[in-house]
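Trainee: Here is how the chains run, residue by residue.
Number of protein chains: 2
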Amino acid sequence: MALAYDGAIQRLIDSFASLPGIGPKGAQRIAFYLLSAPDEESDRLVEAIREVKDKVMFCEVCGNVCEASPCTICSDPRRDRTTICVVEEPKDVMSIERTREYRGLYHVLGGAINPMANIGPSDLNIAGLLKRLDNDEVKEIIVALNPNIEGEATTTYLGRLLLPLDLKVTRLASGLPVGGDLEYADEITLSRALAGRRAV
Amino acid sequence: MALAYDGAIQRLIDSFASLPGIGPKGAQRIAFYLLSAPDEESDRLVEAIREVKDKVMFCEVCGNVCEASPCTICSDPRRDRTTICVVEEPKDVMSIERTREYRGLYHVLGGAINPMANIGPSDLNIAGLLKRLDNDEVKEIIVALNPNIEGEATTTYLGRLLLPLDLKVTRLASGLPVGGDLEYADEITLSRALAGRRAV
Numbered sequence: 001m002a003l004a005y006d007g008a009i010q011r012l013i014d015s016f017a018s019l020p021g022i023g024p025k026g027a028q029r030i031a032f033y034l035l036s037a038p039d040e041e042s043d044r045l046v047e048a049i050r051e052v053k054d055k056v057m058f059c060e061v062c063g064n065v066c067e068a069s070p071c072t073i074c075s076d077p078r079r080d081r082t083t084i085c086v087v088e089e090p091k092d093v094m095s096i097e098r099t100r101e102y103r104g105l106y107h108v109l110g111g112a113i114n115p116m117a118n119i120g121p122s123d124l125n126i127a128g129l130l131k132r133l134d135n136d137e138v139k140e141i142i143v144a145l146n147p148n149i150e151g152e153a154t155t156t157y158l159g160r161l162l163l164p165l166d167l168k169v170t171r172l173a174s175g176l177p178v179g180g181d182l183e184y185a186d187e188i189t190l191s192r193a194l195a196g197r198r199a200v
Numbered sequence: 001m002a003l004a005y006d007g008a009i010q011r012l013i014d015s016f017a018s019l020p021g022i023g024p025k026g027a028q029r030i031a032f033y034l035l036s037a038p039d040e041e042s043d044r045l046v047e048a049i050r051e052v053k054d055k056v057m058f059c060e061v062c063g064n065v066c067e068a069s070p071c072t073i074c075s076d077p078r079r080d081r082t083t084i085c086v087v088e089e090p091k092d093v094m095s096i097e098r099t100r101e102y103r104g105l106y107h108v109l110g111g112a113i114n115p116m117a118n119i120g121p122s123d124l125n126i127a128g129l130l131k132r133l134d135n136d137e138v139k140e141i142i143v144a145l146n147p148n149i150e151g152e153a154t155t156t157y158l159g160r161l162l163l164p165l166d167l168k169v170t171r172l173a174s175g176l177p178v179g180g181d182l183e184y185a186d187e188i189t190l191s192r193a194l195a196g197r198r199a200v
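Chains as they are written, first to last, in the UniProt record's numbering: chain V, 1 to 200; chain Z, 1 to 200.
In case anyone wonders, no lab produced these hints; they're calculated from the structure.
Wrong hints could be hidden among the right ones.
[To be verified] Once the Cα atoms are required to be at most 27 Å apart in a straight line, the calculated BS3-like pairs of lysine-lysine come out as:
1) Lys55(Z) with Lys25(Z)
2) Lys139(Z) with Lys91(Z)
3) Lys131(V) with Lys168(V)
4) Lys55(V) with Lys53(Z)
5) Lys25(V) with Lys139(Z)
6) Lys55(Z) with Lys53(V)
7) Lys25(V) with Lys55(Z)
8) Lys25(Z) with Lys91(V)
9) Lys91(Z) with Lys25(V)
10) Lys25(V) with Lys53(Z)
11) Lys91(Z) with Lys53(Z)
12) Lys53(V) with Lys168(V)
13) Lys131(Z) with Lys53(V)
14) Lys25(Z) with Lys55(V)
15) Lys53(Z) with Lys53(V)
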C-alpha cells in the first residue's frame, strides 16, 4: 500500500516541509502546484535560490545582507553617520526603513541574547559595533530590538556595555500599538504606556 | 531610502510569495532562512524541484502522478481491479490510501466542474474513465469527490453519465466527522447524518 508518494514528489514535499512556517499539508500543496506550473515558474524559483546563495553576502560594516560590501546604506553619503540603529535581523532594517522616518546607519546583531538557545553576547555581532564607535563620529545609538525577553536582555546588556562611552543610548518607546484597543492591551504594555505618557 | 531588498533577496521573496499558501512575511522568513542555511539544504531543495519537473509524469491509465506510467497502483497485480475510486486530485489518492481500507484502483479527474472558473466536464479526465469501463472487469465506481458545491455538481454529472452502464455507482457517506461535536456541526452536515442514520 502506498503511504508515501513516489520518490521525487515525496522528496520535494519533505524539502518544503523543512522550511520555516510550512507544514506537511502546505508542502504537499506547493509540491503539486509546482508540478503543474509551467517550467518557467519553477525555473524562476530555482534561479532565485541559486542567485541568493551565490550573490548575497553580509556587509562587513553593519552586518546587513547585501550584494556588495559595504552595503548600499553604509556607503550612501546622504545617510546621517552620527546615529546607528541596532537591530536583531536584516528584516528589521527593512521594517525601520519602511517608516521613512530614519536617516541614520544600522547595525545588525544577528540575533539576541538567549540562554535557552545557548546564544550569548559573543555569538552576536557586538565586537563589530564597538569597532564602529572607535572614531568620534557616532553620537547616538538607538537600540531597536524585539520587545520580548531576549530583546530586553540584550538591550540591558548593550546599555551597560555602552555606558562608559560618551554616547546617547536610546531605545524604542513601548506603548499601545496605533489602531489598537485599550481593552485588549495586556497589563505590561498598558503600564509601559502609562509610564511613558506624554503631554498632549 | 531602501524600501525593497537588494535585487536577489527581493526576487527570492517574490518567488516564494507566488507559491500557494505563502504570504509576503512567510516568504521573507523563508528567504532569510535559506540565506543562512548550509548550501546542502538549499541544494537539496533546488535538486528536489528539478527532479520533480524532470521525472514526474501523469499515469496514462488513472491520471495520478508517477515516475513511470502506468503508476505503481495501476500496475500492482494485488489491487482489486473491479473497483475504481474517482477522486479530484492526486493528493486525494494519498488521503484514501492512508485509511488502509481501500484495495481497488483510482481515477484522478484533475479537478471538479466549476462554472465560475470555467471548468466544464470536458476539462476533466472523464473520457479516460469511460475508456477504462469498456471492458466488463469494473463492477463498482466509488465517487470520492470533495463535499463542496463543485464536488456535488461533478458527482451528480458522473452519476447521470454512468447510469446507462451496468455498474454500481456509490459515493462517500456524509455525516458527522469522527471526534467532532454535535453542537458545532452545521445544519446540512447534521441533516445528512440524520438521513444516513444506521442501525446500532
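Trainee: Does each hint fit the structure? Answer for all of them.
Mentor: Evaluation of the provided hints:
Taking the CA atoms of Lys55(Z) and Lys25(Z), the gap is about 32 Å. The hint is violated against a cut of 27 Å. For the hint linking Lys139(Z) to Lys91(Z), the alpha-carbon distance of about 24 Å falls within 27 Å, and the restraint holds. Restraint check for Lys131(V) and Lys168(V): the C-alpha separation of about 17 Å stays at or below 27 Å, so the hint holds. For the proposed pair Lys55(V) and Lys53(Z), the alpha carbon gap of about 25 Å is at most 27 Å, so the pair holds.
A threshold of 27 Å between alpha carbons decides the hint, and for Lys25(V) with Lys139(Z) the separation of about 33 Å lies outside it, so the pair is violated. Using a Cα cut-off of 27 Å, the hinted pair Lys55(Z) and Lys53(V) holds, with the two alpha carbons roughly 25 Å apart. For a cut-off of 27 Å, the pair hint linking Lys25(V) to Lys55(Z) stands: about 22 Å separates their Cα positions. This hinted pair checks out: Lys25(Z) and Lys91(V) have alpha carbons roughly 10 Å apart, not beyond 27 Å.
Annotation: proposed proximity of Lys91(Z) to Lys25(V) holds, straight-line Cα distance about 10 Å (limit 27 Å). Pair hint Lys25(V) plus Lys53(Z) holds up; C-alpha atoms about 20 Å apart against a cutoff of 27 Å. Our distance criterion of 27 Å between C-alpha atoms is met by Lys91(Z) and Lys53(Z), whose separation comes to about 17 Å. Restraint check for Lys53(V) and Lys168(V): the C-alpha separation of about 38 Å exceeds 27 Å, so the hint is violated.
A distance of roughly 49 Å separates the Cα atoms of Lys131(Z) and Lys53(V); the hinted pair therefore is violated under the 27 Å criterion. At roughly 22 Å between alpha-carbon atoms, Lys25(Z) and Lys55(V) fall within 27 Å of each other, so this suggested pair holds. For the proposed pair Lys53(Z) and Lys53(V), the alpha carbon gap of about 22 Å is at most 27 Å, so the pair holds.
This entry does not satisfy hints 1, 5, 12 and 13, going by the numbered hints stated previously.
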